[in-house]
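Chemist: Here are the chains, one letter per residue:
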Amino acid sequence: MTHDAASPPYLQVDDLRVRFSTADGEVRAVDGVSFGLQRGRTLGIVGESGSGKSVTSLAVMGLHDPARTRITGAIKLGGRDLVGLSDGEMRKLRGRDVAMIFQDPLSALHPFYTVGRQLVEGYRTHHAGASKAQARQRALDMLDRVGIPQPDRRFSQYPHEFSGGMRQRVMIAMSLMNDPALLIADEPTTALDVTVQAQILDLLADLQREFHSAIILITHDLGVVSQVADEVLVMYGGRAVEHGTVAQVMRGPQHPYTWGLLASIPSLHGDPEVDLKPIKGNPPSLINVPSGCAFHPRCAYAMKPEPCAAQVPQLLAVQADGHRVACHLPEPQRISTYTDEIAHVGVAQ
Amino acid sequence: MSEALLRVRGLTKHFAVRQGATGAKASVRAVDGLDFDVHAGETLGLVGESGCGKTTTGRMLVRLLEPTAGSIEFQGRDITTLGRRAMRPLRQDLQIIFQDPYSSLNPRHTVGKIVAMPLEVNGIKPAGGVKQRVQELLELVGLNPEHYNRFPHEFSGGQRQRIGIARALALRPKLIVADEPVSALDVSIQAQVVNLLRDLQRELDLAFVFIAHDLAIVRHFSRRVAVMYLGKVVEIGDRADIYERPRHPYTRALLSAVPDVAAFGEQRQRIRLTGDVPTPLNPPSGCRFRTRCWKAQDVCATEEPPLVAREGSAQQVACHFPEAVGVVNEHVSEVAA
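For the record, the sequence lines run as chains A and B. Reminder that position 196 of the first sequence reads as 196 in our numbering, one-by-one numbering, no gaps. Reminder that position 295 of the second sequence reads as 295 in our numbering, one-by-one numbering, no gaps.
Do not rely on the hints blindly, as some may be mistaken.
To give an idea of the interface, some chain A residues facing chain B are shown, with a C-beta separation under 7 Å as derived from the structure [what the hints assert, rightly or not]:
#1 E161
#2 S163
#3 H220
The hints are simulated quantities; they were obtained by calculation from the structure and are not laboratory data. Beta carbons: idealized from backbone N, C-alpha and C, even for Gly.
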């Protein structure tokens with residue numbers, strides 16, 4: 001994978017805010033998130049339930065209901081802003097320039113139509129001139145490419161005739177039909193067994209090398225991110241709290257929430273007799289997000305009330321190139337705290 | 001070694017199903033002859049992928065499912081065929097925690113009522129009253145005892161799982177079957193619940209059968225581990241043996257497939273299994289893993305390998321061609337099948 005720092009990002013998200021109106025009040029699901037992503041690179045977005053990671057990706061796909069969602073900011077795909085595009089314009093982009101792989105392929109595939117018919121439909125929507133035979137050939141090629149044996153026979157089968165792992169391969173084949181420049185995979189392996197997960201992650205990495213697409217991988221699993229992503233964006237309470245290359249975030253994390261995530265998961269290599277170090281408390285409500293830094297009520301290092309409970313920390317660059325952190329603690333203190341207190345706990349050892 | 005608290009021999013569960021347009025009878029061989037012991041105060045982890053029979057096993061242990069064959073002995077007494085009434089006093093010692101903290105709590109009962117239910121059903125009147133006992137239990141699992149009158153929907157997922165744990169502890173059991181107790185929870189909450197279970201184990205000398213698909217969590221929680229594949233135990237042993245010196249090819253493949261943050265940046269030799277787990281309706285002859293195994297020979301299709309220990313080691317493995325004793329997992333040299 002070549003990484004040309006000078007080339008402009010294919011996807012550029014600036015100050016994205018997504019809000020829903022509900023009977024209980026306004027949900028600030030995404031609250032000012034910015035990041036860029038180049039072709040050929042994989043960005044892992046990590047966070048727990050309610051962190052805003054899936055809402056961010058659905059905004060890029062234009063899949064929020066405009067009647068009950070307010071989206072502000074910019075989502076530029078190849079230079080073109082998607083925020084405010086009409087349904088019709090969005091439909092032309094979706095599937096062709098940006099495609100999505102969902103967590104649960106059984107509910108994302110139509111149970112009444114054969115897999116082949118669904119693949120062909122996706123292709124002909126964006127290739128008006130293509131004949132049925134051409135579309136069929138493309139579908140067979142893609143099924144073969146994602147490692148489905150006997151694509152001829154599988155083409156005319158229904159989704160229920162496939163196993164979980166094979167169904168996820170069908171989803172991937174479908175997302176690749178139109179050679180999209182950006183692929184969003186939302187928990188693509190969460191429903192799969194670990195040996196099948198390994199197959200699918202290898203496949204995604206192979207396909208990325210071949211098609212040179214940008215991939216956003218949304219997951220709660222730091223292990224998956226550490227294995228396949230180039231960059232990581234850690235989200236909490238609808239905001240980005242840390243962003244950097246995988247090496248920066250895994251080897252020298254600077255946000256206390258990232259530390260908490262790393263210390264919460266047991267490793268296959270650590271001392272199993274040492275207790276895990278959980279983050280106390282629960283993730284916040286997005287209707288009533290804590291003041292200042294959303295993480296401050298759970299943070300062991302927060303300076304209260306000022307500034308942590310009062311001001312929202314900005315996602316600012318730290319000394320390491322391209323590494324950004326949203327935390328009020330001074331950088332030298334973050335580095336020494338991590339080295340002295342965190343690095344030996346959980347997986348970080 | 002002391003006498004086992006729980007002794008399982010030849011435990012089997014076949015589900016009858018009808019197949020296809022003709023409705024031909026067939027059976028799903030979900031669990032097919034398990035042998036294992038659990039001692040007082042220890043944890044046996046059961047790991048495996050979906051369909052390996054780990055949940056079915058857990059449910060048979062607490063008699064929520066009737067075994068097709070085999071025996072379950074608890075404290076030296078055969079409980080395999082005890083009726084409901086005869087089982088009731090034993091339920092005090094044998095409890096279960098479920099995976100889903102949403103569907104396993106009655107939404108119309110208060111937390112107080114949910115946690116008190118086992119006491120009520122068994123006609124137990126604790127000294128100091130039911131309410132006091134329930135509040136002690138809530139405190140024990142880290143919930144506010146004042147929340148006695150709240151309903152399940154007022155709690156988060158992690159707190160609900162604590163309610164399920166308090167209910168399981170109400171009768172002071174000796175053995176708890178925990179079926180994926182943390183897999184529905186967020187990462188930061190998983191660690192809270194795992195630590196709670198460990199504290200309770202130390203404090204109350206509980207034995208656990210800990211069922212999970214997450215190998216790292218099982219390693220963290222279990223002193224002994226059994227690896228299951230298609231209704232069989234393929235390898236069982238002490239934690240260090242299973243994780244550092246696995247001898248069954250499936251155990252090695254499973255461990256090598258785990259994306260582990262701690263291994264970030266290391267070039268690990270990886271074993272990639274091809275294909276999916278075969279259906280338990282028609283499991284492969286001989287060794288059930290042979291269809292995905294890179295070591296398989298003709299004998300694997302004809303003879304089922306027994307689960308045996310070798311050379312004074314407690315580690316048992318069911319394979320015709322196991323790794324030599326003591327080979328450390330890092331030195332894996334085979335490539336994917």
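Chemist: Run every hint past the structure and note whether it holds.
Modeler: We went through each hint and held it up to the structure:
1. E161: E161 of chain A check fails; min Cβ-Cβ to chain B is 13 Å, beyond 7 Å.
2. S163: Holds, about 5 Å.
3. H220: holds (6 Å)
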